[in-house]
Amino acid sequence: DAMVIQNPRYQVTQFGKPVTLSCSQTLNHNVMYWYQQKSSQAPKLLFHYYDKDFNNEADTPDNFQSRRPNTSFCFLDIRSPGLGDAAMYLCATSRDGSYGYTFGSGTRLTVV
Amino acid sequence: AQSVTQLGSHVSVSEGALVLLRCNYSSSVPPYLFWYVQYPNQGLQLLLKYTTGATLVKGINGFEAEFKKSETSFHLTKPSAHMSDAAEYFCAVRKINAGNMLTFGGGTRLMVKP
Numbered sequence: 522d523a524m525v526i527q528n529p530r531y532q533v534t535q536f537g538k539p540v541t542l543s544c545s546q547t548l549n550h551n552v553m554y555w556y557q558q559k560s561s562q563a564p565k566l567l568f569h570y571y572d573k574d575f576n577n578e579a580d581t582p583d584n585f586q587s588r589r590p591n592t593s594f595c596f597l598d599i600r601s602p603g604l605g606d607a608a609m610y611l612c613a614t615s616r617d618g619s620y621g622y623t624f625g626s627g628t629r630l631t632v633v
Numbered sequence: 053a054q055s056v057t058q059l060g061s062h063v064s065v066s067e068g069a070l071v072l073l074r075c076n077y078s079s080s081v082p083p084y085l086f087w088y089v090q091y092p093n094q095g096l097q098l099l100l101k102y103t104t105g106a107t108l109v110k111g112i113n114g115f116e117a118e119f120k121k122s123e124t125s126f127h128l129t130k131p132s133a134h135m136s137d138a139a140e141y142f143c144a145v146r147k148i149n150a151g152n153m154l155t156f157g158g159g160t161r162l163m164v165k166p
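These protein sequence lines map, in sequence, to chains R and W. Sequential numbering of the first sequence, starting at 522, is according to this note's numbering. Sequential numbering of the second sequence, starting at 53, is according to this note's numbering.
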């Protein structure tokens, strides 16, 4: 089945140690998004790729970076995780001009 | 700017009772509207969406929602709650002037009592 896959499902990292979360899709959607969702809160958009064009939300900290080497893969890099970065990170995709998103199952990040 | 308000961060119903989760939006033009469900430690799953056409939209798992332009609302309902409906529900609107961006409401946690 076509889908959005996030790895790993659970990630534990040390304070200040760089960490990378990955997302892959078999839907051939041209738009990919990264959301951060803290406990009992709505998902918050960090950035998105429209094809190869990177679009950063104004309030996304510089600590968060992203890479999209090809249509299928997108990575979220956290350069120096702090305790406040512990959250669920959700990847989503959409096709240009379509109305809805397809979400992955998320990666729950713990910072120790 | 568009925003989404979900009234009630927590809603509790008995099994078999009506489920009503409220969502209001603010927009200068009718946006596209969505309801997503999230189970613990899972991603978001699309329940239903309104784009154009019929204002009563049926989704998965017996849920439906009605777009009411005059009330700027898109409330989610289900006639009879099931224990498996316990989850977090998010209403979302599509940003009209910023590509395909979704703006989410704060979420409503639905609890179903036996």
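Read the hints as simulated data drawn from the structure, not as lab findings. Hints may contain errors.
Stated by the list, open to error - Derived lysine to aspartate or glutamate pairs resembling EDC-like cross-links, with alpha carbons at most 20 Å apart:
hint, chain 1, residue 1, chain 2, residue 2
1, R, K559, W, E140
2, W, K101, R, D583
3, W, K165, W, E123
4, R, K565, W, D137
Stated by the list, open to error - Partial selection, computed: residues in chain R whose CB lies under 10 Å from chain W:
hint, residue
5, V525
6, F594
7, F624
To be verified - Far from chain R, some chain W residues (derived; all Cβ distances over 10 Å):
hint, residue
8, V63
9, V65
10, L72
11, K110
12, K121
13, G158
14, G159
15, P166
Positions of the beta carbon are idealized from the N, C-alpha and C atoms, including for glycine.
So, going through the hints one by one against the coordinates:
1. K559(R) - E140(W): Distance of about 13 Å is within 20 Å: holds.
2. K101(W) - D583(R): Violated: K101(W) and D583(R) sit about 34 Å apart, past 20 Å.
3. K165(W) - E123(W): Not satisfied, since the Cα-Cα distance of roughly 30 Å exceeds 20 Å.
4. K565(R) - D137(W): Violated. K565(R) to D137(W) sits at ~24 Å, over the 20 Å cutoff.
5. V525: holds, 8 Å
6. F594: Constraint on F594(R) not satisfied, violated at 17 Å.
7. F624: This hint holds: F624(R) lies near chain W, its Cβ roughly 4 Å from the closest one there, short of 10 Å.
8. V63: Since the minimum Cβ distance to chain R is about 14 Å, V63(W) lies beyond 10 Å and the statement holds.
9. V65: It holds; V65(W) is separated from chain R by about 19 Å at its closest Cβ, greater than 10 Å.
10. L72: holds, 20 Å
11. K110: Label holds. Min Cβ-Cβ 15 Å, cutoff 10 Å.
12. K121: holds, 18 Å
13. G158: violated, 5 Å
14. G159: Non-interface label fails for G159(W): nearest chain R Cβ at 5 Å, not farther than 10 Å.
15. P166: holds, 24 Å
Of the hints listed earlier, those the structure fails to meet are numbers 2, 3, 4, 6, 13 and 14, in rising order.
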